[in-house]
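Novice: The opening residue of the sequence shown carries number 112 in the numbering used here; numbering runs sequentially from there.
These aren't lab readings, by the way, just hints derived from the structure by calculation. Just so you know, not all the hints are guaranteed correct.
Taking lysine to any residue pairs in the SDA-like style, the calculated list, with each CA pair at most 25 angstroms apart, reads [what the hints assert, rightly or not]:
no., residue 1, residue 2
1, K209, E220
2, K132, E171
3, K209, Y195
4, K138, S162
5, K194, E143
6, K209, A223
7, K132, I151
8, K138, K194
9, K209, K194
10, K194, N216
11, K132, L214
12, K132, N196
13, K132, E116
14, K153, T212
15, K183, K138
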Amino acid sequence: MPNFECLYFLENFYLYILEIKRTDLPKDAGAEAIFKWLMIDKETLTITPLSFNSMDAAGEIEERYFEEGYLKFNNSIGTFIEKYNSAQHPLDRRLEWKIATPLSNAIIEMMANESLSHL
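Use the sequences and the hints to build the structure in full.
Specialist: So, in structure tokens, the structure goes:
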């Protein structure tokens with residue numbers, strides 16, 4: 112069983128953008144440790160953690176600001192705009208999903224490596 116929950120799941124042909132909530136940390140762990148936004152290449156399953164800065168919500172529109180770019184989404188679609196090269200990634204938001212085992216394993220491995228680097 113994975114030691115995380117997926118809170119938001121957006122994807123296109125090339126990538127996933129997810130927000131996960133770690134369930135393996137103590138209750139007093141900081142929000143920055145518990146909640147993680149990840150950009151994942153679908154072909155290689157290479158994970159790039161997104162450095163969360165802030166969020167905003169107005170009606171049905173959600174916005175997330177990261178060091179690496181900007182994500183705007185609603186209940187069905189979204190767009191991620193990369194900060195440094197201005198690439199725009201149209202995304203579909205999935206309200207119901209099951210994370211495939213290879214993707215889940217890649218996330219678990221990333222979290223394990225992250226935990227080891229903090230020792």
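Novice: Does each hint fit the structure? Answer for all of them.
Specialist: Verification of the supplied hints:
1. K209 with E220: Distance ~18 angstroms between K209 and E220 Cα, so the pair holds.
2. K132 with E171: OK: K132 and E171 at ~22 angstroms, within 25 angstroms.
3. K209 with Y195: Measuring from Cα to Cα gives roughly 32 angstroms; hence the hint is violated.
4. K138 with S162: Distance ~22 angstroms between K138 and S162 Cα, so the pair holds.
5. K194 with E143: holds, 21 angstroms
6. K209 with A223: holds, 21 angstroms
7. K132 with I151: holds, 16 angstroms
8. K138 with K194: Violated, at about 33 angstroms.
9. K209 with K194: Judged against 25 angstroms, a Cα distance of about 30 angstroms means the pair is violated.
10. K194 with N216: Given that 25 angstroms is the threshold and the Cα spacing comes to 28 angstroms, the pair is violated.
11. K132 with L214: holds, 15 angstroms
12. K132 with N196: violated, 28 angstroms
13. K132 with E116: holds, 5 angstroms
14. K153 with T212: Given pair K153, T212 holds - Cα atoms ~13 angstroms apart, limit 25 angstroms.
15. K183 with K138: Violated, at about 29 angstroms.
In summary, the numbered hints that this structure violates are 3, 8, 9, 10, 12, 15.
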